[in-house]
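Undergrad: In order, the protein sequences belong to chains A and B. If you're matching positions, the first sequence starts at 1 in the working numbering and goes up one per residue. If you're matching positions, the second sequence starts at 1001 in the working numbering and goes up one per residue.
Don't read these hints as lab results, they were simulated from the structure. These figures come from a predicted structure and were not determined experimentally. There may be inaccurate statements among the hints.
Chain B is faced by these chain A residues, among others (derived, beta-carbon under 8 Å) [said to hold, decoys possible]: (1) E2; (2) P7; (3) K11; (4) S15; (5) I47; (6) P100; (7) V101; (8) R117; (9) T119; (10) M178; (11) M222; (12) F228.
Beta carbons are placed, not taken as given, at the ideal position from N, Cα and C, and that holds for glycine.
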Amino acid sequence: MEYYHSPDSIKDALSMAREFDGNFIYFAGGTDVQIYRKQKLEKNEHIIDLKSIHDLNSISIKDEVLSLGAMTPLDDIIKSKEILKFFPVLVEAAKSVATPVIRKTATIGGNLLVRNRCTFYNQSQEWRNGVGSCLRDVGDICQVTGGKNDCFSRNVSDTAAALIALNAEITLINSNGMTQKPIKDIYLPCGIKFHDLDNEIILTQIRVPFSPKKWWYKKLRMRKTLDFTSLTIAATIDNQDIARICLNGVSMTPILIEEPIETLTLESLIKQARKNCKTVDNDLMPLKYRREMINVYLEEFWNSIYI
Amino acid sequence: MEKVTLTVNGFTQSVLVESHETILDTLRNRLNLTGTKKCCDEGTCGSCTILMDGKPVLGCLTPTLRCVGKEILTIEGISSGESLHLVQKHLVKSLGLQCGFCTPGVVMTAIPFLEENPHASRNEIKESLSGNLCRCTGYKKIIDAVENAAEEMRS
Ligand SMILES: Cc1cc2nc3c(=O)[nH]c(=O)nc-3n(C[C@H](O)[C@H](O)[C@H](O)COP(=O)(O)OP(=O)(O)OC[C@H]3O[C@@H](n4cnc5c(N)ncnc54)[C@H](O)[C@@H]3O)c2cc1C
Ligand code: SF4
Ligand code: FES
Ligand code: FES
Chain A
1 MEYYHSPDSI
11 KDALSMAREF
21 DGNFIYFAGG
31 TDVQIYRKQK
41 LEKNEHIIDL
51 KSIHDLNSIS
61 IKDEVLSLGA
71 MTPLDDIIKS
81 KEILKFFPVL
91 VEAAKSVATP
101 VIRKTATIGG
111 NLLVRNRCTF
121 YNQSQEWRNG
131 VGSCLRDVGD
141 ICQVTGGKND
151 CFSRNVSDTA
161 AALIALNAEI
171 TLINSNGMTQ
181 KPIKDIYLPC
191 GIKFHDLDNE
201 IILTQIRVPF
211 SPKKWWYKKL
221 RMRKTLDFTS
231 LTIAATIDNQ
241 DIARICLNGV
251 SMTPILIEEP
261 IETLTLESLI
271 KQARKNCKTV
281 DNDLMPLKYR
291 REMINVYLEE
301 FWNSIYI
Chain B
1001 MEKVTLTVNG
1011 FTQSVLVESH
1021 ETILDTLRNR
1031 LNLTGTKKCC
1041 DEGTCGSCTI
1051 LMDGKPVLGC
1061 LTPTLRCVGK
1071 EILTIEGISS
1081 GESLHLVQKH
1091 LVKSLGLQCG
1101 FCTPGVVMTA
1111 IPFLEENPHA
1121 SRNEIKESLS
1131 GNLCRCTGYK
1141 KIIDAVENAA
1151 EEMRS
């Protein structure tokens, strides 16, 4: 059986979560969750829809610090002139997610928690049965590496790359209270359990602390729309000349390289990126090409700094 | 099953639905409104687009229970009697459809877009329809049609 609930406060949502004891899923825009349900990769019985919790959908900018409610639709972020003025890298990232219609429903919180993807996993049940299942489903080996321990499915959140490059923080609430964390710290290097949030936690706010003096963003994908990323790079330089370059779509977590621009060189940037990204052959684009594109994009970013 | 009250194309009615059901299935299977098409059933083709309180949403991803208390508009509610909406008229005139399977989704995406952006450029129109897959027309004639409709809507 499946049940749908629409609490109108965080308190009610948390008490439902406790009552259903793990047998539930939070539903924001549902544009990721619904696919997993249809493909029988998400089988929890209770859907807790967060849509009616009003104070989670908001945009405010004070002294160049941005606060975003987790339920803010990506389309509202794209249309905000103020966000465009101070945080254009976030607008570019939001614009590159899915399609214009999906972005009216898809939320920023849901995008940060979009599940990791792999060509052998994000398929219909029939397809998965056809190739044999994998570690992340009901099988016992990874179809990509043949290994028995690690899943290398890719974190594909485009806005995570931008928000990490902006050194953003999130506010999380569960029945023990409220905590704040840098976004970069919630992700784990595992394709299956890709973040460290317990399943009762509700993401409520995102805070972006500074407006960068330079930024760069690019997403590699098959088509200019609709497709998930094969490589996303978002980069910023702040007023203290610290460069933050975040790569996503090429490893189990977003990969951040953070260094004063004075000491950074293109060679060391490429070296760190290639070393830290655990890129395997689990995307529609060939592995060799994706790896090469890391160098190409980083070089483009590097050249843009001095323009 | 749950009994819910839905307002679709201006008519309010009660209907029994499963609690996980999508509005696409409710429209097609319970209300016999089969104009909204089910194609990929996973968010990638746009053929199930409908309007919820004037905003385009994908029917295949939207729970029916999320539609309670909202105004749902489907392709069946777009024309007034025999006279087609300008977007429909121009799709016919510019040969913007062949099999017609993607057409309801194209119409339901283009109408709110043009209402919000009456002076949209050709590139903006293209971008706005970038989630509507068509396997027949090659897109050019769809874009032509929406551009022509925009022009007539402005005049
Ligand atoms: C055709 C198509 C193309 C897509 N392309 C892209 C793409 O290019 N890039 C991309 O990143 N994504 C893409 N997506 C996936 C998805 O649309 C986006 O990631 C979207 O931003 C998810 O947001 P949502 O609100 O719909 O999340 P949901 O599907 O509602 O939720 C996603 C996850 O986050 C959890 N969650 C959501 N909000 C909260 C909260 N406030 N507190 C706690 N947990 C929460 C949910 O439980 C779920 O596990 C695509 C989807 C489709 C169907
Ligand atoms: S990386 Fe391996 S274990 Fe992980 S989803 Fe893909 S095939 Fe499965
Ligand atoms: S049927 Fe809904 S997007 Fe394809
Ligand atoms: S007219 Fe056949 S899919 Fe578009």
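Undergrad: Any CB of chain B closer than 8 Å to the CB of M222(A)?
TA: violated (12 Å)
Undergrad: Should the hint that P100(A) touches chain B count as held when the rule is a Cβ pair under 8 Å?
TA: Since the shortest Cβ distance to chain B is 5 Å, the answer is holds.
Undergrad: When the nearest CB of chain B is found for F228(A), is that gap smaller than 8 Å?
TA: F228(A) check fails; min Cβ-Cβ to chain B is 11 Å, beyond 8 Å.
Undergrad: Classify the hint on V101(A) as holds or violated, based on whether any CB of chain B lies nearer than 8 Å to its CB.
TA: holds (5 Å)
Undergrad: Restraint: T119(A) near chain B, CB-CB cut 8 Å. Satisfied or not?
TA: It is violated, given that the least Cβ distance between T119(A) and chain B is near 15 Å, above 8 Å.
Undergrad: Answer holds if the nearest beta-carbon of chain B is closer than 8 Å to that of S15(A); otherwise answer violated.
TA: violated (19 Å)
Undergrad: Let me know if the C-beta of R117(A) comes in closer than 8 Å to any C-beta of chain B, holds or violated.
TA: Violated, about 13 Å.
Undergrad: Restraint: M178(A) near chain B, CB-CB cut 8 Å. Satisfied or not?
TA: Because about 27 Å separates M178(A) from the closest Cβ in chain B, which is outside the 8 Å limit, the hint is violated.
Undergrad: Tell me if K11(A) is really an interface residue toward chain B, meaning its C-beta lies closer than 8 Å to one of theirs.
TA: violated (21 Å)
Undergrad: Does P7(A) hold up as a contact with chain B if the rule is Cβ-Cβ below 8 Å?
TA: violated (13 Å)
Undergrad: Holds or violated: is the Cβ of E2(A) closer than 8 Å to a Cβ in chain B?
TA: Cβ of E2(A) sits 4 Å from chain B, so the hint holds.
Undergrad: Please check whether I47(A) passes as an interface residue: C-beta within 8 Å of a C-beta belonging to chain B.
TA: holds (7 Å)
Consistency with the previously given hints fails for numbers 2, 3, 4, 8, 9, 10, 11, 12, ordered from lowest to highest.
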